[in-house]
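K.L.:
Listed below are the residues making up each chain.
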Amino acid sequence: MAAVISNSRLTVPSLEAPRLAHYLAVGLIAGAIIALQIAVMRVFAVGSWSHFGSLVVSLAMLGFSLSSVVIFAGKGWFDRHWQGAATAALLLIGPLAVGSNLVAQTVPFNAIFLVSDPAQKWRLLANFLLYLLPFLAGAFFLGIVFLKSRTAFGRVYFADLTGSGLAGLVVLVSLYLFAPETIIVVPLLLWAAGSLLWFLAFGAWKSVVAGVVVAALSISGYLMLPGLLGIPDIAVSQYKGVAYARNFPDGKRIYRSVSPFGDLQVYASSYMHFAPGLSDNAAFGMPEVPANTYVGMYRDGDGPEGIMRNLAPAEQVYFRYLPMHYPYVIKDKPKTFVVQFGGGISTQAALNAGSTSVTVAESNPMTLRAFRDPVLKDVTGDILAEPRLKVIDYDGRLFLANTTERYDVIDLSLADSVGLSNPGGFAISEKYAYTREAMLSYMHALADGGVLSITLWNKEEPPKSVLKLYSTVAEAATTFDPKGAANDIFAVSSYLSTTTVLFKRGGFTETEIKTLRDYTKSMSWEEVYYPGMTYDGSGAQKVLDDYRASIFGSGQDATLTQQPAADATAPANPTAPANPDCDPTAPADPTLDACAGAGGDAGPQVLPATEMQRMTWHALLTGGWGKLAGDYVFDTRALSNDQPYFAAYVKVADLPRTLDRLDLFQDDWGYLLIWATLGIACVTAASLVLLPVIFGWRIVFSRSRGKLGTILYFACLGLGYIMVEVGLISRFTVALANPTVSASVLISSMLVFSGLGSLFAERIFDRARTLLPLVLLAVCVLLLAYGFYLSPVLDRIGAYPYAVRLLLCFLLVSPPAFLMGMPMATAMTWLARLGKEHLFVWAWGINGCFSVIGSAAVPIVATSFGLSAVLQWAAIAYLIAIPAFFAVLLPSKAPAVRLVAA
Amino acid sequence: MKRRDFLTLSAGAAAFSILPATVRANVPVPYDRNAEVPFNDKKSFIDWMVANRGEDPKFLAQRFDRFQIMVYNKDVLDDRNKRAFLLTPREEFVLPQNLGRAYDHAFLDIGYGVTISGPHLVGRMTTSIDVQFGEAVLEIGTGSGYQSAYLANLTDKVHTIEIINPLAQRTRRTYDGLVERGYSEFGSVTSRNADGYYGWESVGPFDKIIVTCGIDHIPPSLLQQLKPNGVMVIPVGPPGAQHVLKVIKQQLADGTFNIVRSDIYNGKVVPFVPFTKLEGDQIVGTHNG
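Respectively, the protein sequence lines represent chains A and B. Oh and the first sequence: position 844 is 844 in our numbering, straight run, nothing missing. Oh and the second sequence: position 224 is 1126 in our numbering, straight run, nothing missing.
Hint data in this document are derived by calculation from the structure and do not stem from the laboratory. A virtual CB, placed ideally from N, CA and C, is assigned to each residue, including glycine. Some clues are possibly wrong.
As the list claims (entries may be wrong) - The calculated lysine-lysine pairs, modelled on DSSO-like cross-linking and capped at a C-alpha distance of 30 Å, are:
id, chain 1, residue 1, chain 2, residue 2
1, B, K945, A, K521
2, A, K121, B, K960
3, A, K542, B, K960
4, B, K960, B, K984
5, B, K984, B, K945
Said to hold, decoys possible - Here are some, though not all, of the chain A residues that point toward chain B, as calculated from beta-carbon distances under 7 Å:
id, residue
6, Y255
7, A275
8, E512
9, Q666
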């Protein structure tokens, strides 16, 4: 290494006039870092849960701030030894990426024990520290390069952004070629190419040789070491759905495809059973479902979604016992639309119920490809070739919003949901199929008398998702039919199983209500709402209070809030065995009901969960919803395109109270984690920002004027830029139907156009005082406009073929992205011109810190205030940057001095 | 199974087989189903257990501490369940690395993506189905074996099914080892490696069924194998915040059946069990134990 460094040092003393090869190298290394980010996210998504990957990766980006602080503190040293330091950092990226990933597989943390097992949080920390290392090396390299190319900042920044952006596209394509267990090869290849180009640009031949050796060792080590050392490529949690399929004695993978849409695998096993929401009465009303009837589909190891084999006619009575059969009870020979194909069970139910035609939408091309594969064709009897079936290859919601076709039945059953609790919690993900706007599209696409049927899992106690669904459907129904909505709804649920809501265009008739009620009774499901249902709200407040106390009470409230079991006074069932522990005269027990323990007890008349659901519908359709929602323990706001989240149940005001009982919120950990990420990011970022203040304020900055303004300026840019980027990724999922694709396209488009913007900014450097404020103002106006008008535009784009969608989305981002590339380049160049070298280095770190804070803040702003608010907040950040920019332009009192103290 | 997986599992099994050596005790007095276990004070309990069951006083002390909290939280209500909890050596059913946390208010990993439920949940769920001596009980999802071991102190007809073969074998070995050491009550636990979805028709019907695996519907076979007015319980939800679904096969006057879903609290909204611990002689709440 010494030879390498000395050789390099002799060759080129400075980077003030970089050549094309330098720019290419910087672009490739920046691209490698972005690619590594996405790759690590994929490793987490497949091995454990993606939201933990987000946590680790977003915090790892603090490496940029950390490197900035170190370079700041040792600026003099880095100025002198920049080439050796850059070489070392560059050569370390690959080995550290490989080593960290390998070691991380030996310390997998188990999300489900995060609260109960003290060791797990240290394992999570170990994962974070491990994955921080390669990013830190990359950040050092880029930081040093920026330091040494101050006067050419705009161009180097262009290379950095464009390289990162194009790498996003490279990764997108690579996700078709590399499975998650080999995906890190992509950043390694980019890094290897970038390193070699870098050394070649300096003519440092020994370094080239060293680079080749290190790259070859890294890549071969990545691919071979796991096998040699007996360490898994990716340590897949035993609690992932697919791990169970692998544990079944006859579990066998029959299909796999890897793509940006995820790692889709299908397993066959006789041990798989799938009947989502099956009526309990099926046990006595239908023949046994034949064995070995299903295969399980897993996406990134989560699942299964059941794919049913083609049933014999005699066995098809099975469908009658599924809740998705509801609309067909009153609709004979309907023209049916299935919003999401998924595993195909709704489609089979629709065909089985005698639909004259079934139009089915599936926005994930990989699902359709799987069903067209000979293996799954064989399993399903080639369901896609069924003559009555028509397949739409994009989002059903968008199709219905743009079609003139009308349907008798529109079905949205258990889409995007595997039903079983996800032990790692659920990520904050957008569920655009369930929003108020989506519901309105479905309602408009119904023929007169047509029925919209929505089935959702009802596995939560206290109820959460189902109440959000109810309020969403009710909002849409009252918008669609302001006077008659109360006659348009029929809702049922099955305790800790499923709920189904029917909306009928034009309202239900008496006969239909009776038919549906009879069917409900025959299935032992609970009526939650039907037109004309009597409602007794006398116990409503108590249910609300009890639910709040059950979650946030001290545990002793049980005795205070307990009500006599509804059946406590009922005569004992004569067939029940005697219970010696039951003493009817004893004080009511706050927890278990010993008197009711033995068989024969039919339970209470109405369970609190059912009562809550009835209260909800009554309030939604007749008034009083605001108060009820306010008093309920969890958030029940309707889903909208602006806030399309089922997750985030915990009300913001209740967050501090969750800390001593996190185990109760395991299904909402995705949401709690983003708060944790934000908290950690803020604390760490504050430390990194303050360190230079503590150690260098007087010495370094005493001669630099406009310090606070400069800090504010770069903080605003960091926050604003990342909020637009992350906020738009969520938004563009509407049109692109997949978060990974959306992320790749958005990252590419934003960075490439911003790169061009930074290059173009050279032309305004000299007139920055007048032009840059205008640019910032334009960014602000554009972001506000996007916030208000993006939604309908994306809806239209979503109906085009996929390649066109990709192109349009790529271009749609370009105007703000182009302008957003200018402020950073302009201000950094001016800092360099004014000789504010320490501020130059520090600004880079501040920008990095606030990028991390911004990315953590986006999901919080989005869930609390909506995705439009994310863009509005970003717009405000750019607005604040206008006055702050003038502080950047303030000249130094005297030339900057070297940091003596450091 | 991949070779690497096989080696990993074998290593795990080998490691587990070492476990009993550290806590092994031979039962000095034959099991007496009617023996009265003192549960009013810790010392008497430990002395009695050491004399009659030959168990490690360290674990006995932890068991009694947990027991006191469970009584306080009403996780166990009646004497038979109290006795069953106190007589079941939970430490025999956890992984070696979790021995120190055997009696924590927590679910623990036992490998294969399976957990052993916290003692409070096992106590609550079993108390709620009120198992009488002689009743046939079926457990779907043997897992660690702890639940069935507890049940073996309540009835002599315990049947348990595990779907994951190596886990089923491991737990069977645990039972066999314990029986060999004198825990004759576990001899009444019959276990098999099979798909619990279809129940165990040849030994059914059952008075009570406990299902401890994730399902998206209640298997029809299990409802068929439940006796009239029989009770089934199924924990639903994430491990830390499970809610227990109670299903009753109600026989109507005309002989037909009606399936009634409820929870084990029969319509009461009950606070989640707080994390509680014993500090000296004081039980300290709430969740933040």
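K.L.:
Indicate, hint by hint, whether the structure satisfies it.
P.N.:
Right, here's what the structure says about each hint:
no. : hint            : in the structure
1   : B/K945 / A/K521 : violated, 56 Å
2   : A/K121 / B/K960 : holds, 28 Å
3   : A/K542 / B/K960 : violated, 45 Å
4   : B/K960 / B/K984 : holds, 19 Å
5   : B/K984 / B/K945 : holds, 17 Å
6   : Y255            : violated, 18 Å
7   : A275            : holds, 5 Å
8   : E512            : violated, 25 Å
9   : Q666            : holds, 4 Å
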